[in-house]
Amino acid sequence: MSNNGKGAKALFEEVINQGLCTGCGACVTTCPYMVAYGGRIVVLDKCTIEEGDCYKHCPRTYTDMNAMSEKIFGVPYGDDEVGHAEDIFMARSKDTEIKEKAQDGGTVTTLLALALEEGIINAVVSTKMDEDKVARGHVARSREELLQCAGSSYEASFALEAYRAIPKESTEKLAVVGVGCEVEALSKIKIYTPKNSANPENIKLTVGLICGWALRPDSFHPYLKELCDPSQAVKFDIPHTPHYTFDVYTKTETKSVSLDDIRPYINSACQYCWDMTAEFSDISVGSAGSKFPGWNTVIIRTNVGADLMEAAKKRGVLETQALPEQRLAHLKTVALKRKKTALKNIVEKTGNKKDLLYVGGLPEGIADKLLED
Amino acid sequence: MASIAMDKPGATVLLMGNEAVARGAIEAGIGVAAAYPGSPTSEVLPTIASVAKEMNIHAEWSVNEKVAAEVAGAASFAGIRSLCIMKQNGANVAADFIVNANMTGIGEAGMVIFISDDPGGMTSNNEEDSRTITKWFDNPLLEASNAQEAKDMIQWAYEVSEAVNLMVFVRGVTRLSYTKGNVVLGELPEKREKKAHFPDLWDMYNPKKSKFTSGPFPVFHKPLHEKLEKAREIFETSTFNRYVGPEHPEVLIITCGACTSYSIEAVEELKAGDRVGVLRLGTTWPLPEKLVAKHLGTTKKVFFVEEMDPFVERSVMELAANLLPATCDLTFYGKRSGHLTPYNEQSTNLVINALMDILGITYQGRDVTYDREAKEAVTLVPSRPINMCAGCPHRATFWAIKRALKLDGRDGLVTGDIGCYSMAFAGPGFFQARTMHAMGSGAGVANGLGSLRQFGFDQPVLAVTGDSTFYHAVMPALVNGVYNNSNFILLILDNSATAMTGFQPHPGTGQLATGDPAPVVDMEAICRGMGAHVEVCDPFDLGETTETLLRMMKEDSGARVIIMRHMCQLVKVKRKIPSKYKMRVDPERCLGDTCGCDRLCTRIFGCPGLMWDTETGKAAIDEALCVGCGLCADICPADAIIREEVI
Numbered sequence: 001m002s003n004n005g006k007g008a009k010a011l012f013e014e015v016i017n018q019g020l021c022t023g024c025g026a027c028v029t030t031c032p033y034m035v036a037y038g039g040r041i042v043v044l045d046k047c048t049i050e051e052g053d054c055y056k057h058c059p060r061t062y063t064d065m066n067a068m069s070e071k072i073f074g075v076p077y078g079d080d081e082v083g084h085a086e087d088i089f090m091a092r093s094k095d096t097e098i099k100e101k102a103q104d105g106g107t108v109t110t111l112l113a114l115a116l117e118e119g120i121i122n123a124v125v126s127t128k129m130d131e132d133k134v135a136r137g138h139v140a141r142s143r144e145e146l147l148q149c150a151g152s153s154y155e156a157s158f159a160l161e162a163y164r165a166i167p168k169e170s171t172e173k174l175a176v177v178g179v180g181c182e183v184e185a186l187s188k189i190k191i192y193t194p195k196n197s198a199n200p201e202n203i204k205l206t207v208g209l210i211c212g213w214a215l216r217p218d219s220f221h222p223y224l225k226e227l228c229d230p231s232q233a234v235k236f237d238i239p240h241t242p243h244y245t246f247d248v249y250t251k252t253e254t255k256s257v258s259l260d261d262i263r264p265y266i267n268s269a270c271q272y273c274w275d276m277t278a279e280f281s282d283i284s285v286g287s288a289g290s291k292f293p294g295w296n297t298v299i300i301r302t303n304v305g306a307d308l309m310e311a312a313k314k315r316g317v318l319e320t321q322a323l324p325e326q327r328l329a330h331l332k333t334v335a336l337k338r339k340k341t342a343l344k345n346i347v348e349k350t351g352n353k354k355d356l357l358y359v360g361g362l363p364e365g366i367a368d369k370l371l372e373d
Numbered sequence: 001m002a003s004i005a006m007d008k009p010g011a012t013v014l015l016m017g018n019e020a021v022a023r024g025a026i027e028a029g030i031g032v033a034a035a036y037p038g039s040p041t042s043e044v045l046p047t048i049a050s051v052a053k054e055m056n057i058h059a060e061w062s063v064n065e066k067v068a069a070e071v072a073g074a075a076s077f078a079g080i081r082s083l084c085i086m087k088q089n090g091a092n093v094a095a096d097f098i099v100n101a102n103m104t105g106i107g108e109a110g111m112v113i114f115i116s117d118d119p120g121g122m123t124s125n126n127e128e129d130s131r132t133i134t135k136w137f138d139n140p141l142l143e144a145s146n147a148q149e150a151k152d153m154i155q156w157a158y159e160v161s162e163a164v165n166l167m168v169f170v171r172g173v174t175r176l177s178y179t180k181g182n183v184v185l186g187e188l189p190e191k192r193e194k195k196a197h198f199p200d201l202w203d204m205y206n207p208k209k210s211k212f213t214s215g216p217f218p219v220f221h222k223p224l225h226e227k228l229e230k231a232r233e234i235f236e237t238s239t240f241n242r243y244v245g246p247e248h249p250e251v252l253i254i255t256c257g258a259c260t261s262y263s264i265e266a267v268e269e270l271k272a273g274d275r276v277g278v279l280r281l282g283t284t285w286p287l288p289e290k291l292v293a294k295h296l297g298t299t300k301k302v303f304f305v306e307e308m309d310p311f312v313e314r315s316v317m318e319l320a321a322n323l324l325p326a327t328c329d330l331t332f333y334g335k336r337s338g339h340l341t342p343y344n345e346q347s348t349n350l351v352i353n354a355l356m357d358i359l360g361i362t363y364q365g366r367d368v369t370y371d372r373e374a375k376e377a378v379t380l381v382p383s384r385p386i387n388m389c390a391g392c393p394h395r396a397t398f399w400a401i402k403r404a405l406k407l408d409g410r411d412g413l414v415t416g417d418i419g420c421y422s423m424a425f426a427g428p429g430f431f432q433a434r435t436m437h438a439m440g441s442g443a444g445v446a447n448g449l450g451s452l453r454q455f456g457f458d459q460p461v462l463a464v465t466g467d468s469t470f471y472h473a474v475m476p477a478l479v480n481g482v483y484n485n486s487n488f489i490l491l492i493l494d495n496s497a498t499a500m501t502g503f504q505p506h507p508g509t510g511q512l513a514t515g516d517p518a519p520v521v522d523m524e525a526i527c528r529g530m531g532a533h534v535e536v537c538d539p540f541d542l543g544e545t546t547e548t549l550l551r552m553m554k555e556d557s558g559a560r561v562i563i564m565r566h567m568c569q570l571v572k573v574k575r576k577i578p579s580k581y582k583m584r585v586d587p588e589r590c591l592g593d594t595c596g597c598d599r600l601c602t603r604i605f606g607c608p609g610l611m612w613d614t615e616t617g618k619a620a621i622d623e624a625l626c627v628g629c630g631l632c633a634d635i636c637p638a639d640a641i642i643r644e645e646v647i
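Line by line, the protein sequences give chains A and B. Here the first sequence is numbered in the working numbering, starting from 1 and rising by one per residue. Here the second sequence is numbered in the working numbering, starting from 1 and rising by one per residue.
Hints in this document: simulated from the structure, not taken from any laboratory. Here a beta-carbon is modelled for each residue, glycine too, at the ideal position from N, C-alpha and C.
Straight line, CA to CA, 25 Å or less: simulated DSS-like cross-link-like pairs of lysine-lysine: (1) A:K251 to A:K225; (2) A:K46 to B:K406; (3) B:K402 to A:K9.
Pair ranges (Cβ atoms, derived): (4) B:E547 to A:N199: 31 to 41 Å; (5) B:H437 to A:S219: 34 to 44 Å; (6) B:P587 to A:S170: 18 to 28 Å; (7) B:M122 to A:S219: 49 to 59 Å; (8) A:K225 to B:K576: 48 to 58 Å; (9) A:Y223 to B:D541: 29 to 39 Å; (10) B:T614 to A:N199: 29 to 39 Å; (11) B:R551 to A:K251: 26 to 36 Å; (12) A:Y223 to B:E547: 21 to 31 Å; (13) A:Y249 to B:E547: 23 to 33 Å; (14) B:I647 to A:R315: 54 to 64 Å; (15) B:D367 to A:E50: 42 to 52 Å; (16) B:E547 to A:T254: 29 to 39 Å.
All chains should be built: construct the whole structure from the sequences, respecting the hints.
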């Protein structure tokens, strides 16, 4: 199986119409036939290209895990629950301005601000919420712009649209921030150089966000509008305590709804997600859980990630502490459970244990073992 | 020719059928001509308008055919001969007035309606046979077969009209209207002052002397049929009905109009002049029954050759039934027998094929290789699918519509209408129009769709109309939409012209049919006055236009209007407005047929000013056709099309 020789038609047949589109945005922007709009991919006209970047870069078409792992880590893809990891610990920002805006510990914004300051990168591909709190891909080129990108909308944001919009001629050194599916797409972009976007060699840093699921903007946003005036919201959160609410903070009040009310708006593609921890990044960052409010869990995966973390500690912009054994075990359990659930759901969809859709590109044995358990 | 009003009786000039009609009306001394543009008749009114001043004629483009008929009717009421001109479907629009005017009768001065049908639908979206509706109206009907006859027949039609006190129809077809032929000019009318006065007559029991008010009185209807009988009597001896052939033909062709030539040619070509006679009827309704009955008695086989409906065929068969048993051994050939079809245009070839079967002869007109060679020759001609012109603002409008409807995502649709933008049903308008019927039907159908909320209908509806069509038939539909709170957006594609039929002025253009200045009837103010929310867009601002469409579709609140204002490119050329840009393609940037483009500009956008260079695999500008509008630069995904300002 290969992901060559297919184009937009196959992308729709195999991914979008199958409810597998994650909303990563890798297929749009430079394509005049497909656009991301209102939380969905819209086809404007029929494209006849038989072999298109849209299909190649989609994180839900066949994905050669070994090739990606070799390219990024220099080793084949393994069976670690959280992917290739050099170090795992907790961190939080010491920058008061960042802490104020951050979703949790502010680690991501702090690292990226530092990388910008140090000239490791010139631009950050991230997401930014607009007036109505619709998140879209955005390129930040300064600390101020970066701070505007802080916080999570919990909605699929087509973030890579912003990367695809950076012209081919660009020499900017880039950092890309994204959840698992977005980082997977980015890794495919690194393998199959896009024709019409920035050279992936310019991507100097990839920061992964540990992700549970994303909401579908096309259905969730109308619901949110019923709940509140999104332009007045300052933060969205799923607090660790009591852990079953979705909270919208406005300047004056907090609206809290049961997670059960939110679940219908979860992107159907998320049930087939294999990669909770954004395994193909340089550093993955998530929330450290209810016992450590204001802290992030950090997974260092590459030297690039390790060096940046060292610099941050040295500069005193971040502080770290060890991740308790119990917490690490929990992280691994949840990540493994995600893989098993994804496999189960995929097999249920295809009706065939040998047809594992995009994870068909796992090294032999990995999927079989998990399916047996 | 120098002028349609040249005063050279007896001179032979080459005239298009439509010009011959104009000349006939001028020779007949008309004082009023009124029309709405519609191919194949669009040239008649401008031809008259070109000499309107010197001939003291009021020539006007009316807003629609009904008003045109009323304007002409009023002239007749007031003693001025008048001509009304329309294409086949115009009769449907004018029908209500004509039916009622037939009850009151016209004035002392004659009124003629020249109507031209379009067999094969070369310039129409229907193939209506106007003769059937004329018969239904109860109007006398003449059919001209060439330019000379068109002129002569128009003149004679006034005499018939005045003799029977009814409007008289002269029917042409595309071939008559657009074919040029020699015409011997007649005398121009004496230049005496035409005095119009509305008569003050009142005689309840004498319809001829009544006021022009129709009523449900049998007293009006009975005389109408007496008038038709009178017309029939006149037609019996008309020299426009002629017979050529043997005394007792084996086959009698009964034909009329443009088919006269096809029939005569076919008989000549088959060298069957001794076996086949041709009765050509110039007066087809009411049927000159005595004349026809006489000819039916000379033959056993009757073959009808006429465009479209079996109109004469049915009349004659009805007569034959009346004449039984004298006609019992007649066999009829025509549309009913399948020898010809009631659709598509007739031709000499088709008549020959039918005659071969009827006469039981074979005929090889051309070399056996002709058909094959003709087919091969066709492949040498590049295919030219219908398209909007280079720089056409409609292309921009439909590009924005397509994008807005797709982004909106509720399967919104466009209800189409009649004009250049009718092409939106196909590639030039990106297949956006999903209905297309009569003038104004886009807005009317949108009214209906926009009223289906209670049945769960939630698709956005965009009705498109041209500026001329807006004045013609859309205004009532918009009033209806506002009044009944129907949910749709009317897009008026205001290109400052009646472009489809040849740039006739209309109430929004500030110009009369004669070229004189006129007040501009402000469509924006009209729509606002009707109570509709109105916005104005320049479709060349694709982004802004798309955003406006998206925003207004989301609003879902009654009948609203967007005026898409951008001048027709051909009007710009006529007014010598210079090109804004010189366009070029940067071959380095052009992605051609590869990922990220797939020939968007030449394959989808389709402006004829763009070319696909098969050798280089890149797009190119066809400098002969490009008008430098600059729009393609905005749709190129690779910024490879570059506009350079023309200094």
